[in-house]
Structures are given as structure tokens and as C-alpha cells.
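**Student:** Below are the chains, spelled out letter by letter.
There are 2 protein chains.
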Amino acid sequence: MELYEKYPLSISNSLSGKKEKFEPLNPPFVGMYSCGPTVYNEVHLGNLRTFTVFDVVFRYLTHVGYNVRYARNITDAGHLTNDAGEGVDRIEERARLEQLEPMEIVQKYTFSFHEVCRIFNILPPTIEPTATGHIVEQIEMVKKIIENGYAYEVNGSIYFDVNKFTEKYKYGELSGRNIEELMEGTRALDRQDEKRNPIDFAIWKAVSPNHIQRWPSPWGEGIPGWHLECSVMGTKYLGKQFDIHGGGMDLKFPHHECEIAQSVGAYGITPVRYWMHSNMLTVNGEKMSKSKGNSFLPRELFNGTHPLLTKAYSPMAVRFFMLQSHYSSTLDFSNEALSAAEKGYRKLMNALDTLNEFKYPGKGKLNENLNTELNKLVAACYQTMSDDFNTAKTLAVLFEMTSRINDFKSGNHSLDSIEETTYNAFKSTFIGFIQEVMGLQEDNVQDSDLLDGIIQMLIGIRKKAREDKNFALSDKIRDDLKAMGVQLKDGKDGTIDYEIE
Amino acid sequence: MELYEKYPLSISNSLSGKKEKFEPLNPPFVGMYSCGPTVYNEVHLGNLRTFTVFDVVFRYLTHVGYNVRYARNITDAGHLTNDAGEGVDRIEERARLEQLEPMEIVQKYTFSFHEVCRIFNILPPTIEPTATGHIVEQIEMVKKIIENGYAYEVNGSIYFDVNKFTEKYKYGELSGRNIEELMEGTRALDRQDEKRNPIDFAIWKAVSPNHIQRWPSPWGEGIPGWHLECSVMGTKYLGKQFDIHGGGMDLKFPHHECEIAQSVGAYGITPVRYWMHSNMLTVNGEKMSKSKGNSFLPRELFNGTHPLLTKAYSPMAVRFFMLQSHYSSTLDFSNEALSAAEKGYRKLMNALDTLNEFKYPGKGKLNENLNTELNKLVAACYQTMSDDFNTAKTLAVLFEMTSRINDFKSGNHSLDSIEETTYNAFKSTFIGFIQEVMGLQEDNVQDSDLLDGIIQMLIGIRKKAREDKNFALSDKIRDDLKAMGVQLKDGKDGTIDYEIE
Chain U
1 MELYEKYPLS ISNSLSGKKE KFEPLNPPFV GMYSCGPTVY NEVHLGNLRT
51 FTVFDVVFRY LTHVGYNVRY ARNITDAGHL TNDAGEGVDR IEERARLEQL
101 EPMEIVQKYT FSFHEVCRIF NILPPTIEPT ATGHIVEQIE MVKKIIENGY
151 AYEVNGSIYF DVNKFTEKYK YGELSGRNIE ELMEGTRALD RQDEKRNPID
201 FAIWKAVSPN HIQRWPSPWG EGIPGWHLEC SVMGTKYLGK QFDIHGGGMD
251 LKFPHHECEI AQSVGAYGIT PVRYWMHSNM LTVNGEKMSK SKGNSFLPRE
301 LFNGTHPLLT KAYSPMAVRF FMLQSHYSST LDFSNEALSA AEKGYRKLMN
351 ALDTLNEFKY PGKGKLNENL NTELNKLVAA CYQTMSDDFN TAKTLAVLFE
401 MTSRINDFKS GNHSLDSIEE TTYNAFKSTF IGFIQEVMGL QEDNVQDSDL
451 LDGIIQMLIG IRKKAREDKN FALSDKIRDD LKAMGVQLKD GKDGTIDYEI
501 E
Chain G
502 MELYEKYPLS ISNSLSGKKE KFEPLNPPFV GMYSCGPTVY NEVHLGNLRT
552 FTVFDVVFRY LTHVGYNVRY ARNITDAGHL TNDAGEGVDR IEERARLEQL
602 EPMEIVQKYT FSFHEVCRIF NILPPTIEPT ATGHIVEQIE MVKKIIENGY
652 AYEVNGSIYF DVNKFTEKYK YGELSGRNIE ELMEGTRALD RQDEKRNPID
702 FAIWKAVSPN HIQRWPSPWG EGIPGWHLEC SVMGTKYLGK QFDIHGGGMD
752 LKFPHHECEI AQSVGAYGIT PVRYWMHSNM LTVNGEKMSK SKGNSFLPRE
802 LFNGTHPLLT KAYSPMAVRF FMLQSHYSST LDFSNEALSA AEKGYRKLMN
852 ALDTLNEFKY PGKGKLNENL NTELNKLVAA CYQTMSDDFN TAKTLAVLFE
902 MTSRINDFKS GNHSLDSIEE TTYNAFKSTF IGFIQEVMGL QEDNVQDSDL
952 LDGIIQMLIG IRKKAREDKN FALSDKIRDD LKAMGVQLKD GKDGTIDYEI
1002 E
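Keeping their order, the protein sequence lines are chains U and G.
Sequential numbering from 1 applies to the first sequence in the numbering used here.
Sequential numbering from 502 applies to the second sequence in the numbering used here.
Extracted from the complex, chain U is given alone in its bound form:
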């Protein structure tokens, strides 16, 4: 029996607005897609939360026995709205600003994104498709939508015909908007506007020859519309219908709504069974935004350079902090919350070290209450995570387990008072949830500084020992260090230096 059968999973489906039992189309296989970054600048902390949320979803699905194909895209073309909400090409704009070829911008920020993922222990997805890598497929999908009558051409651009679509299908279901409201909320069309209707959206956009990124198509040179790539790549790698689609809440409308319309317009079938949306990150209670100066880059956290930070925080403390709230809640970022997270993270990791050193001593007198409690804690880890990936509650269970670990350590309880099967399940669950599911690991960033500090301290102790004629100690320090590959060297003016072999 697989773990996913023992602890059935439920997911809050944004499409239905309800928590539903998760039933993949073709178990044990699960197809999952989440929206990745547009690689035109550094990802900020809000993006990072989204990537962390779906990293944990991917990790947990895998942990309970599903075979997950997880596609997370890189948008490297066609993102036609800049941060100010204007209709310009993000990558093209940035390329002109930095005086680089668009693909140099793409390479620079893809590399930086991957570095951030590595530092925060966000696993690589199983496929990481790019928009530029699927131009042919995007053109094919546009053709299909035109064939089906849900798109029209104007001056080499192709627009999705929302009114036509709503004659047969629903539009706005995911975001809970109806078409009349949407029409009212949209400004009237300019005379220049090519669209039949303000809520229509481009699926292929003609560009002028001085636009650097552009591709030939049956409608002339252009670029794919931003919403199109996700529909295309989801279909290509996960099928016309697949299990889970995730993304930040801000993508629900229009991006995800348009994805649904495109897929239905092309294939007549709703593409995704479970839509998941992660909530926003606020800073000291306010929405994060560049203009307010409260927008953080991940790097600013662990070097502590942002004016709103009182100190630096390690990547793992930040990861822990993010997991402390459920993905569907807003998460407020403050120095107090981060400092608390740092302590919590350290506490868990120390318990992990302690547990790793335990060995089951053989069975003694059984403490039945304790034995039962530990088994319940093991089950609770799975129950809380299987309840819509509630990392907040799961961490609370892991802290309960930490208290029990410390009881064993201090001698309050003895390991031989529990069953060996209990011991093994408890140990592997605690370790598995921290490392595999939560993705927490040792922060090693400052090891080399600390190492230098401690070696310098030993050099000082040795100097004092020699002054005190305690040669046994001074020799021991020199010899032990040497055995570990650290060679002490006498400098000319009595200073002592060291080399690590």
C-alpha cells in the first residue's frame, strides 16, 4: 500500500473554491505544472515564496509515492507587460536598458534564478521548458484556435475572441468574474486598438523589424502572446488534461483564465483538474512593491543589506519562515518573524542531529502511552500534509516530535521503552519530513569564516601554553591539527600562520 493510499490527499481547488479529494487521472503518475519566472530581472521574495510552495508540493507528492512529472517554465519571450502594467516586452525593454541581446538577459537571469533555487534548496523540476523553445508548438496552437473560430487576425496579430468563446464555453470561472463585470471594468477601446473587444487578448503579436526577438509565422513576423506558452507546454508535456496547475494568486487573472480559454478553444477540454494558488507576501503588514522600497531580493536577506533588515538571515531560516504558514494565507515578513523562524529552524536541526546519533538499544520495559503517542505523531505528519499541504500544522507536529527527542536525550524517557518499529518509523518520518518534504538542510554558508576564527583561537591557546611552558598542550594542538590537515607555520615576527592541505 502506497503512502498516498494510506493518507489520501485533499487539495483546495481554486476552480471549484472547495477542498477536494485528490484523484489523479492516471495514478501513480501525476502531471503538475507551475508558472516559473520571467527572466528579465532578479526574482524577489514574493516569487520565491511561490516557488517554495510548489517545491514542497512536488516534494510531498513524490514522498508519498506518486511518480510526478513536474514542469515549471522559464518565460524568455513574449511577456508583454512591464512592472508598471504597460504593454511593453519585459525582456526586450531590459535588453535595451542593459545594452545586451535579449538572450543575454535571459541567460543572466536564468542563471541567477537557478542560483537562488540552489541556495534555497528548491529542487529542479523534471522539465523546465522555455517559451523560445516552443515557438513552433505555439504557432500550431494558434492555428488550431483560429480553425475552431475562437481567434481572429488583425494586421498580423492574432487575438482570442472572448465573446465568441462565451457562446459555447464559460470564461472567468477560475477567477470568479463574469463577462459583464469584466467588460465594465475595462477602459473603452482606443481608435487604434485592433481588438474587437477590450477583453480579447493577443495569442500572437506582430512586431516591427526593430524588435530584436521575433519569429516568422503564417501571419508575418511576431512573438507569441504571454499566456500561450503555458497552455502549449502544459499540453505538450502533460497532456490535454493534467492534474495540478500552480502559480501565484496574482496570476489567476488574466493569465490562468486565459490559459483555460486557450486550451478549451483549441481542444474543447478544460486543461487542469486542480488549480492551486499561493498567497502573497506582505512586509510589515504592507503589500510588497518596488515603489514602497519594501521589495526584497533573496540575496539581500542573507547579506543583510536591505535597509529594512536589522541583520542577515540564512536561506534556510527564510525557507523555514515561509513554511510556517499555509500557502493559501498571506505571509507577513518582519524582523521579529524572521528571528523567531531562525530559532525554530535551529531547534529542528539540532533535534535532527541528536536523532541521527541515537541507536535503538533493544527493547526494555514498554511505555505504552509513549509508544502510542509517537505513532500518532508519525501519522499526524502525514495527515497534516495530506490536508492541503498544511506545512504550518506539520511543522507544529515536528516540534512535538522535537520535544520527545529532547526527552530521550535528557533521560526523561528511555529509548528502550518504545517498540523498535515505533523507533524506526519515528526516526525515518522525522528525518524524511525535514529533509525530503520540507527541504531543510544545514546552513553552511559561514563555515569557512567560523573555521578561520576557531583555528586562530587555537593558535592563541597554543601560544599561551608555550608561554606557560605547557608543552604537552602546545604540542598536542600542533600535532592534532596536523593530523587533520592543518599545518601551523611560524612567521618571521613570531606570528603563527596556518595552511589547510
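In short, the hints are calculated from the structure, not lab data.
Incorrect hints may appear among the rest.
Claimed, not checked - With a straight-line cut-off of 20 Å between C-alpha atoms, the simulated SDA-like cross-links for lysine to any residue are:
(1) G/Lys741 - U/Arg214
(2) G/Lys964 - U/Asp479
(3) G/Lys983 - U/Met288
(4) U/Lys427 - U/Leu451
(5) U/Lys463 - G/Phe972
(6) G/Lys644 - U/Glu221
(7) U/Lys236 - G/Glu722
(8) G/Lys964 - U/Asn412
(9) G/Lys737 - U/Arg96
(10) U/Lys108 - G/Val569
(11) G/Lys737 - U/His211
(12) U/Lys240 - G/Glu602
(13) U/Lys463 - G/Val569
(14) G/Lys645 - U/Gly220
(15) G/Lys977 - U/Glu221
(16) G/Lys964 - U/Ile459
(17) G/Lys609 - U/Leu451
(18) G/Lys990 - U/Asn350
(19) G/Lys964 - U/Asp468
(20) U/Lys108 - G/His615
(21) U/Lys476 - G/Gln957
(22) G/Lys977 - U/Asp468
(23) U/Lys343 - G/Lys990
(24) U/Lys108 - G/Ile620
Once you've looked at the hints, dock chain G against the given chain U.
**Tutor:** Chain G only, in chain U's frame:
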């Protein structure tokens, strides 16, 4: 005056077979392309040498003031020869073997390749284009070659017509082969063979519907020929003619020869001004090959698991080892050579640490010979590297500089006996060449183990001190560690544990 003007660069051009003065088309801009991996398995040590060689070329060109656009591709489709030399699709074959979607194979091995690059400090190129990312452009180039009369269609595949090409242009110039020899060296055509001539090569290949990777084209569904992507991406990002193209010697024929033919066939202009080829890696004097069991993966080096290794070697020792020979020479890999490289690397890094601690004390009595010698060494670094990137000779100069650094350290010479400008040039050149040009950095891989060892040792010293009633020492150890964030904790059975905050 830029450094590249002060120390003009020469390159052994594989196309002319001569060492030539390097004159970029449009200085200070340099366009450089090198062939990256086919991401269907782990890169081996031979590949790593090639990537390291062109990393150093990229680094040095940048260091001397050129503005380099460096494209290194990822082959993620269309590589139609497996390791046994048979005409099968490498990625497709691997996908069937591992039971994954081809793009999962691509993701897995691209990630692994990037990890290896990070560990060996190989910089990311400025653009890292993929074959699947340029299907449209490849189809366009095929059309162009057909239009010009140098390719023909058979059953949905397009072949380059070498005979037709040689009516107007040369074929075989780079590899020094003539067309008659090539014809003789090729087996006769099968009856089934679609090609007009055995030396013709596919630039677009029709595939059956059960081939997973395939794209629509004017000639039906198919995949691009392997040689085509490099021509297409070189042209797209660097222009119809660009400065430098690098790759392993094994790619000279047919891959690079075909690249030239394709570009000339499409645009009538030879694509590359300076072709550079890095030589092979041998193991104990023999060619590396999987069947001989002497093929190494980078990872096997630093965990020491390969049966031919007597110990583990750090990534930086391996990098140093590779730089010890000129890129155009074969490089023989043995335990002896690696152990020697390890010592050499350590010696350089120690000199770097020493130099970093020096401060210029103000001018004293000038030692004119020494002052002149140091300035010559600075120039020699540039002269040796500008002479066809001779890392071997440059390292020899850096070792000369190391001796001078140690002279200053031991007091053989005094820093105040050289001019301040000399001091500054010497220091910045030594540091710049080691870190920026050679890309050598501290190996930190075992810091955490060493750290644990040393803390345990301190705990032992403290225990002994307490037994000896040397409370001054035992308290000092506890307090100093605490100040550095290491908290000692008493365990129940007299053991002492620690936590790093």
C-alpha cells in the same frame, strides 16, 4: 590603452594551421562560440577539459578588455549518432532507456552539467542557446540552403549536397581532407540509403510518428540535423561571420566542417575567422573510452570512487592540472600527475593568501634588480597568455611570482625595496591571473568536516583543562566559542555536545 592593445593576442588558427595575430571584426567586441554538451548523459573528464579550455579563453579575452559575447550551446535534440557511432538519436535512445520524456532527460543532464560547471568554476557563457529553442531558425536556414541549390529532399529528409557545393566552394579545408579521400574512406551506399553521395549529410531528418521529439516543417515532421544548430545559433547571436569558434578536436570533422559548409551554402561567407581546437585527454597514456574502463566522470574524481584512483582529488586541483598543459597538447591523466597538481595548486593558493595580507609599507631603499624583475614577471603573465593562451607557461610565471612572495614573507627581501607602482601591479596581476583568468578559488568542500573535527578537539582540550583545574583555559574556550556562535552543551553522561547558532 587597453590591455589587449598592450599585449596583442595570437591564436593558432586550425583553419590556416598557423599562429595568427588576433584581429576581431569589431573591437572591442568579440563574438565567440563553443560547442557545448549533448545532454543525454553525464559529461566526462574529456568534455570537461574542453569546457575548461574555452572558459579560460573567455576569461582572458574579458580580462584584457574585450567585450565578449560568448555563446555555448546545449544540444537537446537532433544528435543522431550514439556512442557506438550508430545513427540513432542520442536523447531519444536515452529517454527510452530511462523511461522518461526526452525533455526530462534534457533537464536532468543539463542540471548535472551546470552543477559540474559550478563546482569547477566554469563561468556561464553569455548566451546558452538550445537546439529545441531554434527549430524555427533551423527550418529557415534549411530553406535558404535549398534555395541556393546546395540541398535536396528525399522522403521528407533534406541532405546537404557536398558535390554540388564543391563546384563553387571548398569542402574539407578545416580538417585538411580532400573530397576524393573522403569518398574513398566512406562505405558504399546501401540500396536503402537516400543520399546521392555517401559524404552528403542530413540537415533535416524525417522521423516516424513514434519518435517522441519531432516538429512540423515544410517537408513533414522531422528533427534538425545535428550540425545545423551550431550554424544557426552562431549566425543568430554572433552574425554571419564572427571571431572565434572553439570545440574539442574530435568535432573538427565532420561537425565543424559541416558547419562551415552550411553557413557558406546559406550565406556565401565563411562563418568563423579563428577556429580553435582543444586536444584530447589520455589516461595513463591511453585514449579515454568507456569500453576500456578508463573514462572518468568529474564526480568520481572528488569522491575518489573510480578504481583507477588512489585517492580523491578536489575540483580545483583537477582544474589546475588541466591548465598545466597547453590546450593544443594531449594531456595525460594519472595519479602521479594529479597529486603533483594538488601540491602546485596549494602552493599558489597559499601564496595568494600571503600576498593578500601584505601591505605596502612605504618606500625604502630601492632594490633596482628586484623591482625590474617583478615588472618583467607582470608582463610575462600577459605575454605568455597572449601567446595562444599558453596557460602552462603562465603558470610557470605565477610560480616564479610565488617564490618572490615567499621571499618577502621570509624576510629575504623587504617590501619597501620596490616601488609602490611595482607592488600594486605585481599584486593585482597575481591575484587577477589566479582568480579571474585561471579561475582558481579556494576548495571549501571539506570545511564542515574539518570544522567538526577541530571543535571536537577543543572540547577535548577543555575537558583536560577542567581535570587539571585550569579553569582559566576551560572558561576561555567556552566563552570564545560562544562569542563565535558555537554553544557547548553538557550531555547527560558527561559528554559535551555543541550547537552552531
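**Student:** Hint by hint, note whether the structure agrees.
**Tutor:** Verification of the hints:
1. G/Lys741 - U/Arg214: The given pair, whose Cα atoms are some 18 Å apart, holds under the 20 Å limit.
2. G/Lys964 - U/Asp479: It holds: about 18 Å lies between the C-alpha atoms, which stays within 20 Å.
3. G/Lys983 - U/Met288: violated (37 Å)
4. U/Lys427 - U/Leu451: Violated - the C-alpha atoms of leucine 451 of chain U and lysine 427 of chain U are around 31 Å apart, more than 20 Å.
5. U/Lys463 - G/Phe972: Distance ~17 Å between lysine 463 of chain U and phenylalanine 972 of chain G Cα, so the pair holds.
6. G/Lys644 - U/Glu221: Holds: lysine 644 of chain G and glutamate 221 of chain U sit about 17 Å apart, inside 20 Å.
7. U/Lys236 - G/Glu722: holds (16 Å)
8. G/Lys964 - U/Asn412: Violated - the C-alpha atoms of asparagine 412 of chain U and lysine 964 of chain G are around 25 Å apart, more than 20 Å.
9. G/Lys737 - U/Arg96: Holds, at about 18 Å.
10. U/Lys108 - G/Val569: Holds, because 14 Å separates the two Cα atoms, which is no more than 20 Å.
11. G/Lys737 - U/His211: holds (14 Å)
12. U/Lys240 - G/Glu602: holds (16 Å)
13. U/Lys463 - G/Val569: Not satisfied, since the Cα-Cα distance of roughly 52 Å exceeds 20 Å.
14. G/Lys645 - U/Gly220: holds (18 Å)
15. G/Lys977 - U/Glu221: Measuring from Cα to Cα gives roughly 73 Å; hence the hint is violated.
16. G/Lys964 - U/Ile459: holds (18 Å)
17. G/Lys609 - U/Leu451: This hinted pair is violated, its Cα atoms lying about 34 Å apart.
18. G/Lys990 - U/Asn350: holds (12 Å)
19. G/Lys964 - U/Asp468: Holds: lysine 964 of chain G and aspartate 468 of chain U sit about 18 Å apart, inside 20 Å.
20. U/Lys108 - G/His615: holds (14 Å)
21. U/Lys476 - G/Gln957: holds (14 Å)
22. G/Lys977 - U/Asp468: Within the cut-off at roughly 15 Å; holds.
23. U/Lys343 - G/Lys990: holds (17 Å)
24. U/Lys108 - G/Ile620: Given that 20 Å is the threshold and the Cα spacing comes to 18 Å, the pair holds.
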